[in-house]
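Required output: the full structure, derived from the provided sequences and hints.
Residue numbers (the working numbering): 1188 to 1800.
Bear in mind the hints are in silico, worked out from the structure with no lab data behind them. Computed from a predicted structure; not experimentally measured. Every residue gets a Cβ at the ideal spot worked out from N, C-alpha and C, and that includes glycine. Mixed in with the good hints, there may be bad ones.
Said to hold, decoys possible - Cross-link-like lysine-lysine pairs, in silico, DSBU-like; alpha carbons within 30 Å at most:
id, residue 1, residue 2
1, Lys-1657, Lys-1562
2, Lys-1459, Lys-1750
3, Lys-1459, Lys-1567
4, Lys-1426, Lys-1411
5, Lys-1657, Lys-1411
Unchecked claim - So the derived label-pair ranges between C-beta atoms look like this:
id, residue 1, residue 2, range
6, Ser-1505, Val-1397, 24 to 30 Å
7, Asp-1349, Ile-1317, 18 to 24 Å
8, Val-1189, Gly-1215, 32 to 38 Å
9, Leu-1698, Glu-1416, 27 to 33 Å
10, Glu-1416, Glu-1566, 54 to 60 Å
11, Tyr-1522, Lys-1567, 49 to 55 Å
12, Val-1389, Trp-1702, 30 to 36 Å
13, Val-1749, Pro-1194, 56 to 62 Å
14, Leu-1477, Ser-1312, 39 to 45 Å
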Amino acid sequence: MVGTGGPVATFSVWDYVVFAGVILVAAGIGLFQAIRSRKETSSAEFLLGGRQMTAVPVAMSLTASFMSGITVIGTPAEAYRFGAAFWLFGFSYAIMSAITAEVFVPVFYRLGITSAYEYLELRFSRPIRIIGTSMYIVQTVLYTGLVIYAPALALNQITGLDLWGVLVATGAVCIVYCTLGGLKAVIWTDVMQMVIMLAGFVAVIARGAVLQGGLTNIWEDSRKGGRLEAFDFDPDPLKRHTFWTIVIGGSVMWTSIYSINQSQVQRYISCKTLGHAKMSLYVNMVGLWLTVSLAVFSGLTMFSIYKNCDPLSNGDVSTPDQLLPYLVMDILAVYPGIPGLFVAAAYSGTLSTVSSSINALVAVTVEDFILPVFKNLTEKQVYWMNMALSVFFGAVCIGMAGVASLMGSVLQAALSIFGMISGPLLGLYLLGMLFRTPNSIGSLMGMIIGLVLTLWVGIGAQIYPPTAEKTNPLPLSTVGCNNTMGEHNTTQAPWTTPVTLTPQPDFRPALADSWYSLSYVYFALLGTLTTIVCGLLLSSITGVYFILGGCKQEKINPDLFVKMSDLICFSWCSKSQESDVTEKAAGEFHMEVENPAFADFDTSKNAEMGTKL
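What follows is the structure, given as C-alpha coordinates:
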(Lines of atoms letter the chains of each structure in order from A and count residues from 1; the text may use other names and numbers.)
(Lines give C-alpha, C1' and ligand atoms only; values in the text may rest on other atoms or scores of the structure.)
Protein backbone atom coordinates (compact mmCIF):
# COMPACT_ATOMS: atom_id res chain seq x y z
CA MET A 1 0.00 0.00 0.00
CA VAL A 2 1.30 3.47 -0.95
CA GLY A 3 2.57 5.65 1.91
CA THR A 4 2.94 2.92 4.55
CA GLY A 5 6.68 2.23 4.28
CA GLY A 6 8.70 -0.78 3.23
CA PRO A 7 10.53 -1.73 0.02
CA VAL A 8 9.43 -0.20 -3.29
CA ALA A 9 9.65 -1.44 -6.88
CA THR A 10 12.74 -0.99 -9.03
CA PHE A 11 13.18 0.01 -12.66
CA SER A 12 11.28 -1.90 -15.36
CA VAL A 13 12.44 -2.43 -18.93
CA TRP A 14 10.31 0.49 -20.15
CA ASP A 15 11.89 2.77 -17.53
CA TYR A 16 15.32 1.97 -18.89
CA VAL A 17 14.08 2.59 -22.45
CA VAL A 18 12.69 6.04 -21.57
CA PHE A 19 15.77 7.01 -19.59
CA ALA A 20 18.18 5.89 -22.32
CA GLY A 21 16.04 7.62 -24.96
CA VAL A 22 16.37 11.00 -23.25
CA ILE A 23 20.14 10.61 -22.95
CA LEU A 24 20.45 9.67 -26.64
CA VAL A 25 18.28 12.63 -27.75
CA ALA A 26 20.54 14.97 -25.75
CA ALA A 27 23.61 13.56 -27.49
CA GLY A 28 21.79 13.77 -30.83
CA ILE A 29 21.24 17.52 -30.42
CA GLY A 30 24.99 17.97 -30.05
CA LEU A 31 25.63 15.96 -33.21
CA PHE A 32 22.95 17.92 -35.10
CA GLN A 33 24.46 21.28 -34.10
CA ALA A 34 27.91 20.01 -35.05
CA ILE A 35 26.75 18.98 -38.54
CA ARG A 36 24.68 22.14 -38.97
CA SER A 37 27.57 24.45 -38.03
CA ARG A 38 30.44 22.36 -39.40
CA LYS A 39 31.67 25.23 -41.60
CA GLU A 40 31.56 27.78 -38.77
CA THR A 41 34.65 26.84 -36.81
CA SER A 42 35.36 30.15 -35.08
CA SER A 43 35.92 30.41 -31.33
CA ALA A 44 33.04 32.90 -31.03
CA GLU A 45 30.71 30.40 -32.72
CA PHE A 46 31.80 27.58 -30.35
CA LEU A 47 31.78 29.56 -27.09
CA LEU A 48 29.04 32.13 -27.74
CA GLY A 49 26.87 30.59 -30.46
CA GLY A 50 28.09 33.28 -32.85
CA ARG A 51 26.30 35.84 -30.61
CA GLN A 52 23.11 35.09 -32.56
CA MET A 53 20.93 33.42 -29.89
CA THR A 54 17.44 34.73 -29.07
CA ALA A 55 15.85 35.43 -25.69
CA VAL A 56 13.55 32.43 -25.10
CA PRO A 57 15.97 29.49 -25.60
CA VAL A 58 18.67 31.38 -23.67
CA ALA A 59 16.16 32.04 -20.84
CA MET A 60 15.25 28.35 -20.59
CA SER A 61 18.94 27.47 -20.63
CA LEU A 62 19.61 29.99 -17.83
CA THR A 63 16.88 28.35 -15.77
CA ALA A 64 17.97 24.78 -16.50
CA SER A 65 21.68 25.33 -15.86
CA PHE A 66 21.20 25.94 -12.12
CA MET A 67 18.19 23.65 -11.72
CA SER A 68 20.56 20.69 -11.36
CA GLY A 69 19.77 17.16 -10.25
CA ILE A 70 20.49 18.37 -6.71
CA THR A 71 17.69 20.93 -7.12
CA VAL A 72 15.24 18.45 -8.67
CA ILE A 73 15.75 16.01 -5.82
CA GLY A 74 16.61 18.44 -3.01
CA THR A 75 13.90 21.14 -3.26
CA PRO A 76 10.93 18.76 -2.75
CA ALA A 77 12.78 17.19 0.21
CA GLU A 78 13.32 20.71 1.61
CA ALA A 79 9.58 21.47 1.39
CA TYR A 80 8.76 18.06 2.90
CA ARG A 81 11.00 18.60 5.95
CA PHE A 82 10.91 22.39 6.46
CA GLY A 83 7.73 23.58 4.74
CA ALA A 84 6.95 25.91 1.86
CA ALA A 85 9.24 28.77 2.99
CA PHE A 86 11.59 27.87 0.14
CA TRP A 87 8.98 29.23 -2.25
CA LEU A 88 9.83 32.74 -0.99
CA PHE A 89 12.96 32.51 -3.14
CA GLY A 90 10.56 33.58 -5.90
CA PHE A 91 10.95 37.15 -4.57
CA SER A 92 14.73 36.72 -4.67
CA TYR A 93 14.57 35.57 -8.29
CA ALA A 94 12.67 38.74 -9.26
CA ILE A 95 15.15 41.06 -7.53
CA MET A 96 18.11 39.10 -8.93
CA SER A 97 16.75 39.25 -12.48
CA ALA A 98 16.24 43.03 -12.33
CA ILE A 99 19.72 43.72 -10.89
CA THR A 100 21.48 41.41 -13.35
CA ALA A 101 19.55 42.67 -16.39
CA GLU A 102 19.84 46.38 -15.60
CA VAL A 103 23.30 46.61 -13.99
CA PHE A 104 25.54 43.77 -15.19
CA VAL A 105 24.25 42.79 -18.65
CA PRO A 106 24.66 46.26 -20.25
CA VAL A 107 28.25 46.54 -19.03
CA PHE A 108 29.30 43.06 -20.17
CA TYR A 109 27.43 43.39 -23.47
CA ARG A 110 28.92 46.84 -24.18
CA LEU A 111 32.45 45.57 -23.58
CA GLY A 112 31.90 42.54 -25.87
CA ILE A 113 33.70 40.19 -23.47
CA THR A 114 33.76 36.38 -23.63
CA SER A 115 35.02 35.73 -20.09
CA ALA A 116 33.26 37.47 -17.19
CA TYR A 117 36.68 37.81 -15.57
CA GLU A 118 37.95 39.91 -18.48
CA TYR A 119 36.19 42.77 -16.74
CA LEU A 120 38.44 42.45 -13.69
CA GLU A 121 41.53 43.09 -15.81
CA LEU A 122 39.95 46.00 -17.68
CA ARG A 123 38.83 47.66 -14.44
CA PHE A 124 41.61 46.64 -12.03
CA SER A 125 44.61 44.58 -13.14
CA ARG A 126 45.62 41.27 -14.75
CA PRO A 127 46.62 39.60 -11.44
CA ILE A 128 43.10 40.20 -10.10
CA ARG A 129 41.65 38.66 -13.26
CA ILE A 130 43.87 35.58 -12.85
CA ILE A 131 42.84 35.24 -9.19
CA GLY A 132 39.13 35.49 -10.09
CA THR A 133 39.43 32.97 -12.92
CA SER A 134 41.42 30.49 -10.81
CA MET A 135 38.84 30.64 -8.01
CA TYR A 136 36.08 30.02 -10.53
CA ILE A 137 37.81 27.02 -12.12
CA VAL A 138 38.53 25.27 -8.81
CA GLN A 139 35.02 25.89 -7.47
CA THR A 140 33.27 24.85 -10.66
CA VAL A 141 35.22 21.60 -11.10
CA LEU A 142 34.51 20.64 -7.49
CA TYR A 143 30.85 21.67 -7.70
CA THR A 144 30.33 19.88 -11.02
CA GLY A 145 31.76 16.66 -9.60
CA LEU A 146 29.30 17.03 -6.73
CA VAL A 147 26.42 17.64 -9.16
CA ILE A 148 27.27 14.43 -11.02
CA TYR A 149 27.78 12.34 -7.88
CA ALA A 150 24.94 13.38 -5.54
CA PRO A 151 21.94 12.50 -7.75
CA ALA A 152 23.73 9.36 -8.99
CA LEU A 153 24.15 8.17 -5.40
CA ALA A 154 20.54 8.87 -4.43
CA LEU A 155 19.08 7.29 -7.56
CA ASN A 156 21.46 4.34 -7.42
CA GLN A 157 20.20 3.33 -3.98
CA ILE A 158 16.55 3.65 -5.02
CA THR A 159 16.46 2.44 -8.63
CA GLY A 160 19.32 -0.06 -8.65
CA LEU A 161 21.13 1.72 -11.51
CA ASP A 162 24.88 1.07 -11.40
CA LEU A 163 26.50 4.09 -9.74
CA TRP A 164 29.77 4.26 -11.64
CA GLY A 165 28.17 3.36 -14.95
CA VAL A 166 25.79 6.30 -14.56
CA LEU A 167 28.61 8.66 -13.50
CA VAL A 168 30.72 7.86 -16.55
CA ALA A 169 27.71 7.87 -18.91
CA THR A 170 26.58 11.28 -17.65
CA GLY A 171 29.99 12.83 -18.14
CA ALA A 172 30.49 11.14 -21.52
CA VAL A 173 27.21 12.48 -22.95
CA CYS A 174 28.04 16.01 -21.78
CA ILE A 175 31.51 15.75 -23.34
CA VAL A 176 29.99 14.64 -26.65
CA TYR A 177 27.59 17.49 -27.16
CA CYS A 178 29.82 20.15 -25.57
CA THR A 179 32.79 19.09 -27.71
CA LEU A 180 30.93 18.77 -31.00
CA GLY A 181 28.21 21.39 -30.71
CA GLY A 182 29.59 24.15 -28.46
CA LEU A 183 27.25 26.63 -26.75
CA LYS A 184 24.41 26.22 -29.25
CA ALA A 185 24.20 22.50 -28.42
CA VAL A 186 24.30 23.28 -24.68
CA ILE A 187 21.49 25.85 -24.92
CA TRP A 188 19.16 23.80 -27.14
CA THR A 189 19.75 20.68 -25.02
CA ASP A 190 18.95 22.73 -21.91
CA VAL A 191 15.61 23.70 -23.50
CA MET A 192 14.70 20.01 -23.90
CA GLN A 193 15.92 19.18 -20.40
CA MET A 194 13.92 22.05 -18.88
CA VAL A 195 10.71 20.64 -20.39
CA ILE A 196 11.54 17.15 -19.08
CA MET A 197 12.26 18.44 -15.55
CA LEU A 198 8.91 20.24 -15.39
CA ALA A 199 7.14 17.15 -16.79
CA GLY A 200 8.68 15.04 -13.99
CA PHE A 201 7.29 17.36 -11.30
CA VAL A 202 3.85 17.45 -12.98
CA ALA A 203 3.74 13.65 -13.07
CA VAL A 204 4.45 13.44 -9.31
CA ILE A 205 1.84 16.09 -8.45
CA ALA A 206 -0.83 14.61 -10.75
CA ARG A 207 -0.43 11.06 -9.41
CA GLY A 208 -0.32 12.35 -5.82
CA ALA A 209 -3.54 14.31 -6.38
CA VAL A 210 -5.28 11.16 -7.66
CA LEU A 211 -4.11 9.12 -4.65
CA GLN A 212 -5.00 11.79 -2.08
CA GLY A 213 -8.35 12.75 -3.57
CA GLY A 214 -7.42 16.07 -5.12
CA LEU A 215 -5.09 19.04 -4.74
CA THR A 216 -7.34 20.48 -2.01
CA ASN A 217 -6.64 17.53 0.28
CA ILE A 218 -2.88 17.87 -0.31
CA TRP A 219 -3.11 21.55 0.63
CA GLU A 220 -5.17 20.79 3.75
CA ASP A 221 -2.76 18.05 4.91
CA SER A 222 0.14 20.48 4.44
CA ARG A 223 -1.68 23.14 6.46
CA LYS A 224 -2.34 20.73 9.33
CA GLY A 225 1.31 19.64 9.26
CA GLY A 226 2.54 23.24 9.51
CA ARG A 227 4.06 23.17 6.01
CA LEU A 228 2.29 26.34 4.80
CA GLU A 229 3.59 28.73 7.47
CA ALA A 230 6.07 30.34 5.09
CA PHE A 231 5.88 34.02 6.04
CA ASP A 232 8.03 34.22 9.17
CA PHE A 233 8.94 37.91 9.68
CA ASP A 234 11.33 37.26 12.58
CA PRO A 235 14.39 39.51 11.92
CA ASP A 236 16.74 37.07 13.70
CA PRO A 237 19.65 36.52 11.23
CA LEU A 238 20.47 33.20 12.92
CA LYS A 239 17.21 31.51 11.86
CA ARG A 240 17.76 29.37 8.78
CA HIS A 241 14.80 30.54 6.67
CA THR A 242 12.69 33.62 7.38
CA PHE A 243 11.11 36.15 5.02
CA TRP A 244 14.08 38.49 5.53
CA THR A 245 16.87 35.93 5.19
CA ILE A 246 15.40 34.62 1.93
CA VAL A 247 14.38 37.93 0.33
CA ILE A 248 17.45 39.96 1.35
CA GLY A 249 20.15 37.31 1.69
CA GLY A 250 18.71 35.14 -1.07
CA SER A 251 18.61 38.06 -3.52
CA VAL A 252 22.31 38.76 -3.02
CA MET A 253 23.17 35.06 -3.18
CA TRP A 254 21.31 34.51 -6.46
CA THR A 255 22.63 37.78 -7.90
CA SER A 256 26.17 36.54 -7.27
CA ILE A 257 25.30 33.30 -9.08
CA TYR A 258 23.61 34.85 -12.11
CA SER A 259 25.48 38.13 -12.61
CA ILE A 260 29.15 37.11 -12.43
CA ASN A 261 29.18 33.32 -12.86
CA GLN A 262 30.71 32.50 -16.24
CA SER A 263 28.15 29.74 -16.88
CA GLN A 264 25.37 32.35 -16.86
CA VAL A 265 27.23 35.35 -18.29
CA GLN A 266 28.26 33.28 -21.30
CA ARG A 267 24.60 32.60 -22.07
CA TYR A 268 23.14 36.07 -22.03
CA ILE A 269 26.04 37.69 -23.89
CA SER A 270 25.45 35.10 -26.64
CA CYS A 271 22.19 36.93 -27.48
CA LYS A 272 22.13 38.87 -30.73
CA THR A 273 21.04 42.18 -29.14
CA LEU A 274 21.13 43.80 -25.70
CA GLY A 275 17.33 43.73 -25.67
CA HIS A 276 17.31 39.95 -26.16
CA ALA A 277 19.94 39.59 -23.41
CA LYS A 278 17.83 41.55 -20.92
CA MET A 279 14.63 39.82 -21.96
CA SER A 280 16.25 36.39 -21.49
CA LEU A 281 16.76 37.18 -17.79
CA TYR A 282 13.17 38.31 -17.28
CA VAL A 283 11.80 35.22 -19.08
CA ASN A 284 14.24 33.16 -17.00
CA MET A 285 12.66 34.70 -13.88
CA VAL A 286 9.27 33.26 -14.91
CA GLY A 287 10.95 29.89 -15.55
CA LEU A 288 12.49 29.93 -12.07
CA TRP A 289 9.10 30.78 -10.51
CA LEU A 290 7.46 27.89 -12.33
CA THR A 291 10.23 25.45 -11.42
CA VAL A 292 10.38 26.33 -7.71
CA SER A 293 6.56 26.31 -7.44
CA LEU A 294 6.30 22.83 -8.95
CA ALA A 295 9.24 21.56 -6.87
CA VAL A 296 7.79 22.89 -3.60
CA PHE A 297 4.33 21.53 -4.38
CA SER A 298 5.91 18.15 -5.15
CA GLY A 299 7.34 18.29 -1.63
CA LEU A 300 3.92 19.11 -0.18
CA THR A 301 2.44 16.22 -2.17
CA MET A 302 5.10 13.95 -0.69
CA PHE A 303 4.19 15.11 2.83
CA SER A 304 0.49 14.48 2.22
CA ILE A 305 1.27 10.88 1.19
CA TYR A 306 3.82 10.19 3.96
CA LYS A 307 2.25 12.29 6.74
CA ASN A 308 1.75 9.16 8.87
CA CYS A 309 4.83 7.21 7.76
CA ASP A 310 8.02 9.18 7.22
CA PRO A 311 10.41 7.04 5.11
CA LEU A 312 13.41 8.76 6.72
CA SER A 313 12.40 7.99 10.31
CA ASN A 314 11.22 4.54 9.26
CA GLY A 315 14.61 3.65 7.79
CA ASP A 316 13.31 3.18 4.22
CA VAL A 317 15.83 5.77 3.00
CA SER A 318 19.06 6.97 4.58
CA THR A 319 19.30 10.57 3.34
CA PRO A 320 16.76 13.32 2.49
CA ASP A 321 17.96 13.31 -1.14
CA GLN A 322 16.47 9.82 -1.54
CA LEU A 323 12.95 10.89 -0.50
CA LEU A 324 11.66 11.99 -3.91
CA PRO A 325 13.11 9.00 -5.85
CA TYR A 326 11.55 6.73 -3.19
CA LEU A 327 8.18 8.47 -3.66
CA VAL A 328 8.40 8.11 -7.44
CA MET A 329 9.03 4.37 -7.25
CA ASP A 330 6.27 4.07 -4.62
CA ILE A 331 3.47 5.86 -6.51
CA LEU A 332 4.47 5.75 -10.21
CA ALA A 333 5.92 2.24 -10.65
CA VAL A 334 2.45 1.05 -11.78
CA TYR A 335 2.93 3.15 -14.94
CA PRO A 336 5.85 1.64 -16.89
CA GLY A 337 8.14 4.35 -18.25
CA ILE A 338 7.01 7.15 -15.91
CA PRO A 339 9.69 6.46 -13.24
CA GLY A 340 12.15 6.48 -16.14
CA LEU A 341 10.85 9.93 -17.09
CA PHE A 342 11.46 11.18 -13.55
CA VAL A 343 14.98 9.77 -13.43
CA ALA A 344 15.53 11.40 -16.82
CA ALA A 345 14.25 14.67 -15.30
CA ALA A 346 16.76 14.48 -12.45
CA TYR A 347 19.55 13.62 -14.84
CA SER A 348 18.45 16.32 -17.25
CA GLY A 349 19.14 18.79 -14.46
CA THR A 350 22.53 17.20 -13.92
CA LEU A 351 23.34 17.16 -17.64
CA SER A 352 22.43 20.82 -18.10
CA THR A 353 24.58 21.93 -15.17
CA VAL A 354 27.55 19.79 -16.17
CA SER A 355 27.40 20.85 -19.82
CA SER A 356 27.18 24.55 -18.95
CA SER A 357 30.08 24.16 -16.53
CA ILE A 358 32.27 22.43 -19.11
CA ASN A 359 31.54 25.06 -21.76
CA ALA A 360 32.19 27.90 -19.28
CA LEU A 361 35.43 26.31 -18.04
CA VAL A 362 36.66 26.09 -21.62
CA ALA A 363 35.75 29.75 -22.23
CA VAL A 364 37.62 31.15 -19.22
CA THR A 365 40.64 28.89 -19.77
CA VAL A 366 41.02 29.96 -23.39
CA GLU A 367 40.30 33.67 -22.83
CA ASP A 368 42.19 34.15 -19.55
CA PHE A 369 45.15 31.77 -19.79
CA ILE A 370 45.82 30.61 -23.35
CA LEU A 371 45.10 33.54 -25.71
CA PRO A 372 47.04 36.15 -23.68
CA VAL A 373 50.15 33.90 -23.90
CA PHE A 374 49.74 32.40 -27.41
CA LYS A 375 48.58 35.44 -29.35
CA ASN A 376 49.27 34.12 -32.87
CA LEU A 377 46.90 31.14 -32.85
CA THR A 378 44.58 30.84 -35.84
CA GLU A 379 40.80 30.54 -35.46
CA LYS A 380 40.95 26.88 -36.44
CA GLN A 381 43.67 26.14 -33.86
CA VAL A 382 41.61 27.85 -31.14
CA TYR A 383 38.51 25.90 -32.22
CA TRP A 384 40.31 22.54 -31.92
CA MET A 385 41.76 23.65 -28.59
CA ASN A 386 38.20 24.37 -27.37
CA MET A 387 37.16 20.85 -28.30
CA ALA A 388 40.20 19.30 -26.61
CA LEU A 389 39.59 21.32 -23.43
CA SER A 390 35.94 20.18 -23.39
CA VAL A 391 37.14 16.56 -23.28
CA PHE A 392 39.74 17.41 -20.62
CA PHE A 393 37.37 19.23 -18.27
CA GLY A 394 34.70 16.56 -18.76
CA ALA A 395 37.16 13.90 -17.67
CA VAL A 396 38.29 16.03 -14.71
CA CYS A 397 34.67 16.48 -13.56
CA ILE A 398 34.02 12.73 -13.78
CA GLY A 399 37.20 12.16 -11.76
CA MET A 400 36.05 14.76 -9.21
CA ALA A 401 32.77 12.84 -8.88
CA GLY A 402 34.87 9.81 -7.95
CA VAL A 403 36.77 11.86 -5.36
CA ALA A 404 33.44 13.16 -4.03
CA SER A 405 32.38 9.60 -3.25
CA LEU A 406 35.31 9.36 -0.81
CA MET A 407 34.81 12.75 0.83
CA GLY A 408 31.90 11.89 3.10
CA SER A 409 30.62 14.90 5.05
CA VAL A 410 33.15 17.17 3.33
CA LEU A 411 30.71 17.23 0.40
CA GLN A 412 28.54 19.65 2.32
CA ALA A 413 31.56 21.78 3.17
CA ALA A 414 32.59 21.89 -0.51
CA LEU A 415 29.13 23.03 -1.59
CA SER A 416 29.07 25.71 1.10
CA ILE A 417 32.50 27.02 0.06
CA PHE A 418 31.23 27.31 -3.52
CA GLY A 419 28.48 29.63 -2.28
CA MET A 420 30.63 31.54 0.17
CA ILE A 421 33.19 32.67 -2.41
CA SER A 422 30.57 34.16 -4.74
CA GLY A 423 29.70 36.91 -2.22
CA PRO A 424 33.15 38.53 -2.02
CA LEU A 425 33.52 38.23 -5.82
CA LEU A 426 30.20 40.04 -6.30
CA GLY A 427 31.47 42.78 -3.97
CA LEU A 428 34.57 43.13 -6.14
CA TYR A 429 32.49 43.59 -9.31
CA LEU A 430 30.17 46.10 -7.63
CA LEU A 431 33.19 48.08 -6.44
CA GLY A 432 34.38 48.29 -10.02
CA MET A 433 31.04 49.09 -11.66
CA LEU A 434 29.47 51.51 -9.17
CA PHE A 435 32.46 53.45 -7.78
CA ARG A 436 35.32 55.29 -9.47
CA THR A 437 37.65 55.57 -6.46
CA PRO A 438 38.47 51.87 -5.75
CA ASN A 439 41.94 50.82 -6.94
CA SER A 440 43.44 47.36 -7.48
CA ILE A 441 45.20 47.06 -4.12
CA GLY A 442 42.31 48.31 -1.99
CA SER A 443 39.72 46.21 -3.86
CA LEU A 444 41.80 43.03 -3.67
CA MET A 445 42.43 43.49 0.06
CA GLY A 446 38.71 44.13 0.60
CA MET A 447 37.81 40.90 -1.23
CA ILE A 448 40.35 38.92 0.81
CA ILE A 449 38.88 40.24 4.08
CA GLY A 450 35.35 39.37 2.89
CA LEU A 451 36.51 35.90 1.84
CA VAL A 452 38.20 35.23 5.18
CA LEU A 453 35.04 36.22 7.07
CA THR A 454 32.70 34.06 4.97
CA LEU A 455 35.04 31.07 5.10
CA TRP A 456 35.35 31.47 8.87
CA VAL A 457 31.59 31.50 9.49
CA GLY A 458 30.87 28.85 6.83
CA ILE A 459 33.47 26.32 7.96
CA GLY A 460 32.50 26.95 11.58
CA ALA A 461 28.88 26.20 10.69
CA GLN A 462 29.95 22.90 9.10
CA ILE A 463 31.91 21.83 12.17
CA TYR A 464 29.29 23.07 14.66
CA PRO A 465 25.92 22.86 12.84
CA PRO A 466 23.11 25.15 14.05
CA THR A 467 20.67 23.59 16.49
CA ALA A 468 17.11 22.56 15.56
CA GLU A 469 15.91 25.75 17.26
CA LYS A 470 17.50 27.75 14.42
CA THR A 471 16.92 25.35 11.52
CA ASN A 472 13.27 24.66 12.47
CA PRO A 473 12.71 21.12 11.10
CA LEU A 474 8.98 20.35 11.18
CA PRO A 475 7.50 17.31 12.94
CA LEU A 476 7.24 13.95 11.14
CA SER A 477 5.54 10.70 12.11
CA THR A 478 5.81 6.90 11.69
CA VAL A 479 2.48 6.06 13.37
CA GLY A 480 1.01 4.68 10.14
CA CYS A 481 3.95 2.53 9.02
CA ASN A 482 3.34 -1.16 8.36
CA ASN A 483 6.99 -2.08 8.07
CA THR A 484 10.01 -0.63 9.84
CA MET A 485 13.33 -1.28 8.15
CA GLY A 486 15.83 0.82 10.05
CA GLU A 487 16.93 1.52 13.58
CA HIS A 488 14.63 4.54 14.02
CA ASN A 489 11.46 2.48 14.38
CA THR A 490 9.85 4.21 17.33
CA THR A 491 6.22 5.13 16.69
CA GLN A 492 4.93 8.56 17.62
CA ALA A 493 1.76 10.55 17.16
CA PRO A 494 1.43 12.63 13.99
CA TRP A 495 3.35 15.91 13.92
CA THR A 496 4.75 15.70 17.44
CA THR A 497 8.49 15.05 17.31
CA PRO A 498 10.88 16.71 14.85
CA VAL A 499 13.43 14.44 13.19
CA THR A 500 16.99 15.68 13.71
CA LEU A 501 19.39 14.35 11.09
CA THR A 502 22.53 16.39 11.77
CA PRO A 503 24.67 14.96 14.60
CA GLN A 504 25.66 17.60 17.12
CA PRO A 505 29.25 17.55 18.45
CA ASP A 506 29.68 17.03 22.20
CA PHE A 507 31.62 20.27 22.66
CA ARG A 508 30.19 23.56 21.36
CA PRO A 509 32.22 26.76 21.72
CA ALA A 510 30.61 30.10 22.57
CA LEU A 511 30.55 31.15 18.90
CA ALA A 512 28.64 28.00 17.86
CA ASP A 513 25.24 29.39 18.85
CA SER A 514 25.89 32.93 17.59
CA TRP A 515 28.42 33.57 14.81
CA TYR A 516 28.46 30.01 13.43
CA SER A 517 24.66 29.85 13.48
CA LEU A 518 24.30 32.70 10.97
CA SER A 519 21.82 31.66 8.27
CA TYR A 520 23.69 30.20 5.29
CA VAL A 521 21.63 32.48 3.02
CA TYR A 522 23.41 35.49 4.53
CA PHE A 523 26.94 34.27 3.66
CA ALA A 524 26.92 36.00 0.26
CA LEU A 525 25.52 39.23 1.74
CA LEU A 526 28.21 39.21 4.44
CA GLY A 527 30.96 38.73 1.84
CA THR A 528 29.57 41.38 -0.54
CA LEU A 529 29.11 44.10 2.08
CA THR A 530 32.48 43.41 3.72
CA THR A 531 34.27 43.57 0.37
CA ILE A 532 32.59 46.85 -0.63
CA VAL A 533 33.11 48.64 2.70
CA CYS A 534 36.70 47.45 3.21
CA GLY A 535 37.52 47.96 -0.48
CA LEU A 536 36.34 51.59 -0.43
CA LEU A 537 38.15 52.34 2.84
CA LEU A 538 41.44 50.70 1.85
CA SER A 539 41.32 52.24 -1.64
CA SER A 540 40.97 55.68 -0.06
CA ILE A 541 43.97 55.05 2.19
CA THR A 542 46.19 53.59 -0.56
CA GLY A 543 44.99 56.25 -3.03
CA VAL A 544 46.13 59.07 -0.73
CA TYR A 545 49.46 57.29 -0.27
CA PHE A 546 50.01 57.05 -4.03
CA ILE A 547 49.05 60.69 -4.57
CA LEU A 548 51.46 61.84 -1.87
CA GLY A 549 54.11 59.66 -3.52
CA GLY A 550 53.67 61.56 -6.77
CA CYS A 551 51.82 58.81 -8.68
CA LYS A 552 49.24 59.94 -11.23
CA GLN A 553 45.88 58.23 -11.34
CA GLU A 554 45.21 56.55 -14.69
CA LYS A 555 42.09 57.47 -16.63
CA ILE A 556 39.45 54.73 -16.56
CA ASN A 557 37.31 53.78 -19.54
CA PRO A 558 33.77 55.11 -18.81
CA ASP A 559 32.27 52.00 -20.45
CA LEU A 560 33.41 50.02 -17.40
CA PHE A 561 30.83 51.74 -15.19
CA VAL A 562 27.07 51.43 -14.95
CA LYS A 563 25.40 54.30 -16.81
CA MET A 564 22.00 55.84 -16.20
CA SER A 565 21.05 55.01 -19.79
CA ASP A 566 21.67 51.30 -19.05
CA LEU A 567 18.64 51.16 -16.76
CA ILE A 568 15.46 50.35 -18.64
CA CYS A 569 13.43 53.16 -17.03
CA PHE A 570 16.03 55.82 -17.90
CA SER A 571 16.56 54.46 -21.40
CA TRP A 572 12.82 54.75 -22.08
CA CYS A 573 12.74 58.31 -20.67
CA SER A 574 15.76 59.40 -22.71
CA LYS A 575 14.28 57.90 -25.90
CA SER A 576 11.00 59.68 -25.20
CA GLN A 577 12.76 63.00 -24.62
CA GLU A 578 14.86 62.59 -27.79
CA SER A 579 11.67 61.85 -29.75
CA ASP A 580 9.95 64.97 -28.34
CA VAL A 581 12.93 67.19 -29.17
CA THR A 582 13.13 65.79 -32.72
CA GLU A 583 9.39 66.29 -33.33
CA LYS A 584 9.50 69.86 -31.96
CA ALA A 585 12.49 70.79 -34.12
CA ALA A 586 10.88 69.22 -37.18
CA GLY A 587 7.66 71.14 -36.52
CA GLU A 588 9.50 74.47 -36.20
CA PHE A 589 11.38 73.81 -39.44
CA HIS A 590 8.08 73.04 -41.24
CA MET A 591 6.52 76.29 -39.98
CA GLU A 592 9.52 78.33 -41.14
CA VAL A 593 9.31 76.90 -44.66
CA GLU A 594 5.55 77.61 -45.00
CA ASN A 595 5.52 81.09 -43.36
CA PRO A 596 5.95 83.95 -45.93
CA ALA A 597 7.76 85.99 -43.30
CA PHE A 598 10.69 83.60 -43.79
CA ALA A 599 10.77 84.03 -47.58
CA ASP A 600 14.15 85.75 -47.40
CA PHE A 601 15.53 83.14 -44.95
CA ASP A 602 18.95 81.81 -45.95
CA THR A 603 18.25 78.62 -47.90
CA SER A 604 21.65 77.16 -47.10
CA LYS A 605 20.84 77.29 -43.38
CA ASN A 606 17.48 75.70 -44.11
CA ALA A 607 19.21 72.89 -45.92
CA GLU A 608 21.68 72.48 -43.08
CA MET A 609 18.90 72.28 -40.50
CA GLY A 610 17.05 69.71 -42.58
CA THR A 611 20.20 67.60 -42.83
CA LYS A 612 20.66 67.64 -39.03
CA LEU A 613 17.05 66.64 -38.49
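Legend entry - Hint numbers contradicted by this structure: 1, 7 and 12
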